[in-house]
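Colleague: If you want the building blocks of each chain, they are given just below.
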Amino acid sequence: MTKRLLEVEDLRITLQAGSGTITPVDGVNLALGRGEALGIAGESGSGKSLTLKSIIGLLPQGAQVEGNLRFALGDESPIPYTSTDVHGRGISIIFQEPMTALNPTMRVGDLIAEGPRIHEGLSKTAARERAVELMRQVGIPAPERRAKMWPHQLSGGLRQRVMIATALSTRPKLLLCDEPTTALDVSIQDQILGLLQEIRINLGMSIIFVSHDLAVLGELCDRLAIMYAGQIVETGPTDDVFTKPNHPYTEALMTSVPSFDATSVKLAGIEGHPPDPRSFPPGCRFSPRCRYAREDCTEADFELVATDADRSSACIHTEVFAEGGR
Amino acid sequence: MSAFLEVRDLTVTFRVGSALKARLRGEPPPDLTAVDGISFTAERGESIGIVGESGCGKSTLAKAITGLVPVASGSLHLDGNPLTARRDPATMRRIQMVFQDPSSSLNPSLTIERMLSELLNVHRIVPRDAIADRCGELMELVELPRSLLKSRPGRLSGGQRQRVGIARALALEPEVLIADEAVAALDVSVQAPVLNLLNSLREDLGLTLMFISHDLAVVRYVSDRVIVMYLGRAVEDRSTAELFDDPRHPYTRALMAAAPKFGVKKAPGESALKGEPPSALKLPSGCRFRPRCPIAEEICEQTEPDLAGPSPIQRAACHFAWDGHEVRS
Amino acid sequence: MTTPAFEAVPDVPQIVEASLAEPGAWRRMPKKVWVGLVIVALYVLVALLAPVIAPYDPLAIDTANRLASPDSAHLLGTDELGRDIFSRLLYASRVDLPIGFLGALLPALVGTILGAIAGFFGRWVDTAIMRTADVVQAFPAYILVIVLVFALGQGSGSIILAFTVLAWVIYARIIRSEVLRVRDRDYVQAARVAGLRRLRILRVHVFPNVINQTLVYLPNDIVFATLALAAFSFLGLGIPPPTPEWGAMIAEGQPFLRTNWWFATVPGLVIVGLGLGLSLIGEGLEEGLRA
Chain E
1 MTKRLLEVED LRITLQAGSG TITPVDGVNL ALGRGEALGI AGESGSGKSL TLKSIIGLLP
61 QGAQVEGNLR FALGDESPIP YTSTDVHGRG ISIIFQEPMT ALNPTMRVGD LIAEGPRIHE
121 GLSKTAARER AVELMRQVGI PAPERRAKMW PHQLSGGLRQ RVMIATALST RPKLLLCDEP
181 TTALDVSIQD QILGLLQEIR INLGMSIIFV SHDLAVLGEL CDRLAIMYAG QIVETGPTDD
241 VFTKPNHPYT EALMTSVPSF DATSVKLAGI EGHPPDPRSF PPGCRFSPRC RYAREDCTEA
301 DFELVATDAD RSSACIHTEV FAEGGR
Chain B
1 MSAFLEVRDL TVTFRVGSAL KARLRGEPPP DLTAVDGISF TAERGESIGI VGESGCGKST
61 LAKAITGLVP VASGSLHLDG NPLTARRDPA TMRRIQMVFQ DPSSSLNPSL TIERMLSELL
121 NVHRIVPRDA IADRCGELME LVELPRSLLK SRPGRLSGGQ RQRVGIARAL ALEPEVLIAD
181 EAVAALDVSV QAPVLNLLNS LREDLGLTLM FISHDLAVVR YVSDRVIVMY LGRAVEDRST
241 AELFDDPRHP YTRALMAAAP KFGVKKAPGE SALKGEPPSA LKLPSGCRFR PRCPIAEEIC
301 EQTEPDLAGP SPIQRAACHF AWDGHEVRS
Chain F
1 MTTPAFEAVP DVPQIVEASL AEPGAWRRMP KKVWVGLVIV ALYVLVALLA PVIAPYDPLA
61 IDTANRLASP DSAHLLGTDE LGRDIFSRLL YASRVDLPIG FLGALLPALV GTILGAIAGF
121 FGRWVDTAIM RTADVVQAFP AYILVIVLVF ALGQGSGSII LAFTVLAWVI YARIIRSEVL
181 RVRDRDYVQA ARVAGLRRLR ILRVHVFPNV INQTLVYLPN DIVFATLALA AFSFLGLGIP
241 PPTPEWGAMI AEGQPFLRTN WWFATVPGLV IVGLGLGLSL IGEGLEEGLR A
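Residue numbers (our numbering), protein chains in the order written: chain E, 1 to 326; chain B, 1 to 329; chain F, 1 to 291.
Simulated from the structure, these hints should not be mistaken for laboratory data. Just so you know, not all the hints are guaranteed correct.
[To be verified] Straight-line distance between alpha carbons at most 30 angstroms, and here's what the computed DSSO-like set of lysine-lysine pairs gives:
#1 244/E / 261/B
#2 266/E / 261/B
#3 148/E / 21/B
#4 148/E / 124/E
#5 148/E / 282/B
#6 261/B / 274/B
#7 266/B / 3/E
#8 274/B / 148/E
#9 282/B / 21/B
#10 3/E / 244/E
#11 244/E / 266/B
#12 31/F / 150/B
#13 266/E / 266/B
#14 266/E / 244/E
The model shown is predicted, which means the values in this text are computed figures rather than measured ones.
With these hints in hand, go ahead and build the complete structure from the sequences.
Modeller: Okay, structure coming up:
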């Protein structure tokens with residue numbers, strides 16, 4: 001593996017919910033190499049978004065974080081950091097809904113120029129030039145004119161490009177993507193994914209991309225981490241995971257989506273629905289919905305075990321599942 | 001012979017700016033044409049998918065058919081009877097709708113039972129003393145436990161709410177069921193069972209289903225026939241199998257190329273669809289897809305192509321769609 | 001199929017619209033609601049029992065014993081005319097509470113209904129109602145009260161009427177904007193598709209989902225009405241003497257602040273206490289319904 005950029009060790013996030021506390025992220029381990037694109041897949045309530053936000057210190061108020069986060073700001077190996085170390089230099093984030101993520105009272109040129117002005121001490125004109133340059137880089141047509149517009153005057157696709165330009169303005173080494181294409185039309189989604197791919201290759205940036213859509217992750221990511229109920233249940237290279245999933249949940253997810261090309265085979269789907277963080281089931285948290293579940297599944301301790309050289313699964317019955325599976 | 005559901009030249013417009021200001025400037029009133037002259041027919045029991053990106057008018061089309069938005073011109077017929085702007089409750093009942101957002105599609109202050117029994121009562125679907133039983137049957141129909149009848153929507157999961165939304169529509173025993181992005185807001189693992197439910201209900205109850213979605217793969221799963229919409233117009237109307245095997249309109253092809261798929265190695269950003277759709281207020285001359293079309297030629301700038309083809313369910317609105325075929329409008 | 005009772009919460013706990021009609025909704029209310037309710041209940045109890053607990057006739061003049069200091073005979077002393085201040089305070093609640101409550105409830109009722117109608121039906125109905133609201137709001141409130149009191153005579157009736165004429169506007173605006181928010185919700189659309197009549201949709205599918213805002217605002221408005229009554233009485237526009245009323249009592253006590261400070265201060269504190277109780281209810285309801 002290439003040199004490490006980010007390490008997340010035993011991440012645990014607790015939140016106040018009503019009268020009690022919940023643990024929507026419960027023991028997550030991640031490692032990201034330089035220039036690597038990692039996809040985190042999961043459904044609502046899986047904790048994928050919180051995991052991502054904890055990396056850059058953007059958790060809701062009252063959230064408590066345990067565990068170790070390490071990041072390599074320079075060329076050395078990853079060291080522990082606080083969010084202020086990486087804000088505006090090392091790590092940037094883009095969100096799902098650019099309309100709420102962009103300050104509506106600032107012109108888009110000024111929004112993009114803000115980072116370079118603060119963190120690189122660029123003059124007003126230099127920062128503005130840089131903003132226009134960035135806008136050109138992310139494929140915004142007529143950047144000089146658009147730099148003077150307000151966020152609401154742009155279409156959803158262009159707003160997403162502005163957000164990417166803002167994220168790139170501080171030359172990050174790691175770009176966190178929180179479902180940035182979910183609110184977009186397929187044709188625009190395709191363009192944005194293409195843009196991210198291009199940026200990643202040209203700038204040698206690492207990406208963590210969070211999405212509920214496995215097919216989207218498949219286009220962009222080298223490796224996948226599948227999250228369910230606050231835990232990572234499977235990791236591995238994208239192609240390997242797609243050809244032979246090692247966890248029943250991954251397999252079930254893949255057979256839940258109608259396929260584009262196949263004629264209608266009846267979709268399996270998954271019984272029930274994702275569990276509530278207020279009451280995760282005991283043992284393997286997927287066991288109540290798992291078609292391979294055995295009796296001992298409800299008592300299994302959670303452990304992500306290596307199955308191949310660079311793959312791992314949290315299923316205690318991978319052998320059986322592999323036989324009975326596809 | 002007339003079809004079961006017949007939509008002819010349906011146009012829906014919305015006023016977007018000040019009519020007074022426009023009149024002072026001597027311009028026509030600023031109307032946005034959300035649905036622009038759509039015609040199609042559906043047979044009883046048929047399942048039609050309507051697919052397109054946001055702003056293509058697919059939801060407005062649905063609302064026009066249910067009577068939620070007024071029709072500017074064109075006509076709607078159900079079973080030979082015209083559907084007008086003012087419909088009586090008995091007519092409204094025949095076309096029901098399932099909405100997209102499970103968090104806002106159910107009245108938060110009513111229990112499921114009260115919600116269903118209100119409809120059964122108002123429309124006198126069953127005698128008063130049979131209402132409770134019927135509510136239970138409806139829950140079974142959408143594969144929910146009867147015990148949920150006493151709950152309010154706040155207690156239900158997204159998938160359960162969507163099923164209740166279907167039960168609400170079915171309570172009125174409609175003949176046409178319109179599902180507007182009915183699974184778009186659901187988790188992937190919950191989508192499939194809801195789609196399966198729609199498929200089986202359609203078969204068991206003989207419903208005519210109109211399934212509206214931005215997702216081609218989902219549409220393929222539930223529809224016999226697909227209408228692709230772009231900027232208020234139908235650009236292609238084909239049987240599902242044919243459409244997916246051999247799309248004729250460049251927009252349909254581009255949509256298919258843009259969608260990420262499993263198992264197919266595809267680099268992102270390679271779809272032919274460049275740029276974004278123009279505003280419906282400033283349509284280009286000729287074919288409205290022309291500015292983004294990879295195969296546009298001079299004729300596309302001058303004439304807008306009709307939705308035409310060899311048969312009523314083999315139609316595409318492109319000058320080059322049927323090269324080498326006999327075309328009837 | 002088994003169905004867990006809760007739905008999957010997204011990554012951050014979500015905000016659900018709560019309804020007071022839901023069983024258990026009251027149990028989820030924060031403590032301050034109950035504290036506030038206890039305080040207000042005490043005031044109501046005192047008002048009901050005033051004739052029993054009051055040691056003297058609130059109107060009985062005793063010129064021999066004017067401006068007495070508190071002692072065992074007169075817990076809070078006597079006023080300028082020798083009337084027992086404690087008894088007058090108790091009796092005053094029989095005037096202030098009904099006017100405060102009615103002076104808030106009536107405008108709430110009128111405003112909520114008008115606001116709902118304006119928001120739901122839109123078009124000229126909306127224009128007519130909301131322009132009327134604009135006119136009322138643009139009119140100087142005190143002048144309106146003076147005119148009404150002049151025309152109808154002093155007394156609780158004209159005060160309540162004046163409050164209703166003035167305060168419905170706020171409710172109408174709150175409810176109208178809520179109705180506009182709810183009107184395009186899918187469940188209202190669904191009710192229309194189901195062929196339900198418009199009034200029925202308004203009553204069953206819109207109204208119950210907007211009424212929370214009225215409930216949250218109402219306690220604060222009762223405080224406001226009570227204070228306004230006190231202010232009007234202080235200015236001589238409210239309840240005519242000799243009927244005991246808190247605001248009027250403050251006005252009566254004002255000249256004697258140096259010598260008999262409790263005379264004006266205690267009625268003031270009594271009003272503050274009621275205001276505190278009602279504010280706690282309002283705040284608590286807001287928190288409880290939001291959570």
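Colleague: Looking at the structure, which of the earlier hints fail to hold?
Modeller: none
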